[in-house]
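2 protein chains.
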Amino acid sequence: MRTFFWKNSTDEQRQAALKRPAQANKGDLTAKVAEILAEVKANGDTALRSFTAKFDNVELTALEVSSAEFAAAKKSVGVGAREALERAAANIEKFHVAQIPVNQSVETESGVVCERQFRPVSRVGLYVPGGSACLPSTVLMLGVPSRLAGCELRVLCTPPRKDGSVDPFILEAARLCRIDKVFKVGGAQAIAALAYGTESVPKVDKIFGPGNSWVTEAKEQVASAGAAIDMPAGPSEVLVIADANANPVFVAADLLSQAEHGPDSQVVLVTDSEEMVTKVQAEVAAQLKQLPRETIAAAALEKSLSIVVNTIAEAIAVSNQYAPEHLIVQVDQAARYKDRILNAGSVFLGPWSPESAGDYASGTNHVLPTYGFARAYSGLSVDSFLKQITFQELTEKGIQGLGETIEILATIERLDAHRNAVSVRLAALNQAKEKA
Amino acid sequence: MRTFFWKNSTDEQRQAALKRPAQANKGDLTAKVAEILAEVKANGDTALRSFTAKFDNVELTALEVSSAEFAAAKKSVGVGAREALERAAANIEKFHVAQIPVNQSVETESGVVCERQFRPVSRVGLYVPGGSACLPSTVLMLGVPSRLAGCELRVLCTPPRKDGSVDPFILEAARLCRIDKVFKVGGAQAIAALAYGTESVPKVDKIFGPGNSWVTEAKEQVASAGAAIDMPAGPSEVLVIADANANPVFVAADLLSQAEHGPDSQVVLVTDSEEMVTKVQAEVAAQLKQLPRETIAAAALEKSLSIVVNTIAEAIAVSNQYAPEHLIVQVDQAARYKDRILNAGSVFLGPWSPESAGDYASGTNHVLPTYGFARAYSGLSVDSFLKQITFQELTEKGIQGLGETIEILATIERLDAHRNAVSVRLAALNQAKEKA
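Chains A and B are the protein sequences, given in the same order. Each residue of the first sequence is one higher than the last, beginning at 1 in our numbering. Each residue of the second sequence is one higher than the last, beginning at 1001 in our numbering.
Certain hints may be false.
[Claimed, not checked] According to the in silico footprint, chain A covers these stretches of chain B (three or more CB under 8 Å from chain A): (1) 1171 to 1182; (2) 1221 to 1235; (3) 1379 to 1385; (4) 1409 to 1422.
[Claimed, not checked] Pairs of lysine to aspartate or glutamate, DMTMM-like flavour, derived with a Cα cap of 25 Å: (5) A:Lys75 - B:Glu1404; (6) A:Lys41 - B:Glu1404; (7) A:Lys94 - B:Glu1220; (8) B:Lys1019 - B:Asp1272; (9) A:Lys203 - B:Glu1220; (10) B:Lys1026 - A:Glu404; (11) A:Lys338 - B:Asp1272; (12) B:Lys1435 - A:Glu283; (13) B:Lys1026 - A:Glu35; (14) B:Lys1026 - A:Glu283; (15) B:Lys1203 - B:Glu1069; (16) B:Lys1433 - A:Glu283; (17) A:Lys435 - B:Asp1383; (18) B:Lys1203 - A:Glu283; (19) B:Lys1074 - A:Glu404.
Please keep in mind that the hints were generated in silico from the structure rather than gathered at the bench. In this text, all values refer to a predicted model and were calculated from it rather than measured experimentally. Virtual Cβ for every residue (Gly too), placed ideally from N, Cα, C.
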């Protein structure tokens, strides 16, 4: 962990310190992903089967998970795991159900009623990565809010394991969320299937979920061709703010729980205590040795950063500039800093709120904006699975009252047909009046 | 206007009829825009001045509009226009102020408090096109909700006129919305300036507003490099549903008010009355001749479509499949169909609700999803200028209650450091208990 002293640095040095590493050079990834997308678009299920054979080393006949497979998964997960999944799902539901928005109706002028109504995105695709970790928690984070939003069709894609099955915890989580269909397809080919549709996989209106660089690149490519996606993605990251009284054991554990995600994970410590840096570094070194994913975490830590500031208020300002995906605030009375936090995905306050609480079970969503996107993007919520439609209805009185204003503005903009759409109506009302 | 009979058609024919024309082949637009972006990124204001000289035929010294120019604009617009702008702004404010969301706090378990709070996107860039129409209404549609959201810095870019000035109506609308800075920069170079920042134009966190194909391409390019934008864009469009009792004069006027936007505007009529098609076509022909923008509207109408269906319910289903930017429903008791409308940007109900009402002054926003994007995207609202941050704080009791669940789930996912972040805390609490 490199240490950076905020106080004696220029603005340029500060910006450089907070700059995330450039996303790894894509090399021929762009072309390779484009090829996969084109192939799936052209050849549907045949292409999915052949990419699954190539990348996942499995020859599949049925792409869709059968009800027998769901039943077997339910049996195999064990009571403890099922109860943990159910409890997490219940908390996620409690937090997300409160997000369901209310339709709104405003009479802006007499006879002019404007409304905003919410509708679910009809068909949604949920991607759950496989690879080095199996992630049933991600199934819950996508499955619960999409169910609450009322999406008509919810399709989940996840790569099969080497024996052609899907991890039973993933299937059990999908069952708990009442996902409609689960397909054994991963990588860029899964994104292509959801964007274009194949014989088996239905085309969806919006694609959600995290993934590796292939999935991220595929989401970007289908998005620039018009598909809707949840948000742009970069490596996962945490920024921990700790004061002199923070527990270095907790701080180190939190930094490591981010570092173990991948060698490109971003880990930043900001503290007003130089001593804390030393303590945390010692604790990180000690805890690191115990971890099965030691190599991954060590690689991430090599590029990590400790920043020494003068005050906790300054630490918050540094965090706002960085806009972290996860922000952990381990300082005295952490909650009093809430209002000052302007850019972050999800925030963990005080000593008893590890990031893992929100990653799994407290109720907040763990699909969050990375790479500084928290300046303009939000984490997943029920809103992500809804869209808004506005309605308006003017009465005769309404158009008579507002008509001239519209005519004046259309005249200013030299859009005569816009003006005329009002004028023909006002003329009709005048004629009717004269007749009466 | 081509007529299509829904009843006797196959699904393929129906899909083909509703298919929007492919976006015009970009040709070398992609490369040209990329060049402009790179040039502005490298040379800042110098590049902006040189592109403004090239594309707008103006040599500018100051890029920013001065307070003297604002004062002169205010004087020149006249009372009638100012009052119309003020009334439109007041209605837009009334409708949008009701959208300001409320923070939310949920105790999902004893000692586990999860919150969602809203924060403005700090710096926003608002683009207002120039070209064939000057659009002060767009200033209001971007300016009012961004003000209500509380964005810290709101920057507007719009191309200068040939004499180096900005249209006074645009400046007056910007003053009404208390926009912080207005720059005389248009086209792809304006989007580049907002995305990267120059000596004069500040870099922003999110870019909003409609534009021509250069602006749209520039927004797409900066978005795939990580800038946030409001929504993807395509040609403007309307779908009008009319029953046998609709007034063909109104229907024709509404179709034309869309057609005059541009030769690529999409205009669709759906009706359960074949006679209505004939009546509307006659009216369109008659009204078209009166329009100064006749050539533009005629070009759009050439590619337009009338669809004959059996029932109004079927017409709504056709509209849901098309997902129009604007939907006008001129049928008996139009409001009763509201719940069935699933995909649309903004909906106009009944005979007295022309699209121009919402384009200008009723209160709804006119920046809306086009090209079928209404299936997954919403029109602009206060939400577009906000993002959400989640917070959580667990008490000792909270982590003691939820800790085991988190540990089980982290174990399933084989993320030991995630589990350890909980375990070290539970251990500390146990030690403290034993000591006591």
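The hints, checked one at a time:
Only residues whose C-beta sits within less than 8 Å of a C-beta in chain A count toward coverage, and the stretch 1171 to 1182 of chain B has 0 of them, not enough to reach three; the restraint is violated. Restraint check on the stretch 1221 to 1235 of chain B versus chain A: 5 residues with Cβ-Cβ distances below 8 Å, three needed, restraint holds. Given a C-beta distance limit of less than 8 Å, the hint that chain A covers the stretch 1379 to 1385 of chain B holds, as 3 residues qualify and 3 suffice. Under a criterion of three residues with beta carbons nearer than 8 Å to beta carbons of chain A, the stated coverage of the stretch 1409 to 1422 of chain B is upheld, 13 such residues being counted.
Taking the CA atoms of Lys75 (chain A) and Glu1404 (chain B), the gap is about 22 Å. The hint holds against a cut of 25 Å. Straight-line distance between C-alpha atoms of Lys41 (chain A) and Glu1404 (chain B) comes to about 45 Å, which puts the hinted pair past the 25 Å bound. Of the pairs offered as hints, the one joining Lys94 (chain A) and Glu1220 (chain B) is violated, with about 37 Å between alpha carbons and a cut-off of 25 Å exceeded. For the suggested pair Lys1019 (chain B) and Asp1272 (chain B), the alpha carbons sit about 21 Å apart, so the restraint of at most 25 Å is met.
A distance of roughly 23 Å separates the Cα atoms of Lys203 (chain A) and Glu1220 (chain B); the hinted pair therefore holds under the 25 Å criterion. In summary, the hint linking Lys1026 (chain B) to Glu404 (chain A) is not supported, as the alpha carbons are separated by about 40 Å, beyond the 25 Å threshold. Restraint check: the Cα-Cα separation between Lys338 (chain A) and Asp1272 (chain B) comes to about 57 Å, which exceeds 25 Å; the hinted pair is violated. Note on Lys1435 (chain B) and Glu283 (chain A): the hinted pairing holds, with a Cα-Cα distance of about 23 Å set against a maximum of 25 Å.
This hinted pair checks out: Lys1026 (chain B) and Glu35 (chain A) have alpha carbons roughly 21 Å apart, not beyond 25 Å. Proximity of Lys1026 (chain B) to Glu283 (chain A) is assessed by CA-CA distance (about 56 Å); at most 25 Å being required, the pair is judged violated. Between Lys1203 (chain B) and Glu1069 (chain B), the direct Cα distance comes to roughly 24 Å. Compliance with the 25 Å bound is thereby established for this hinted pair. Taken as a hint, the Lys1433 (chain B) and Glu283 (chain A) pair is honoured in the structure, with Cα atoms around 23 Å apart against an allowance of 25 Å.
Proposed proximity of Lys435 (chain A) and Asp1383 (chain B) is contradicted: the alpha carbons are some 47 Å apart, above 25 Å. For the proposed pair Lys1203 (chain B) and Glu283 (chain A), the alpha carbon gap of about 40 Å is over 25 Å, so the pair is violated. About 21 Å separates the Cα atoms of Lys1074 (chain B) and Glu404 (chain A), which keeps this hinted pair within 25 Å; it holds.
Checked against the numbered hints given earlier, the structure breaks hints 1, 6, 7, 10, 11, 14, 17, 18 and satisfies all the rest.
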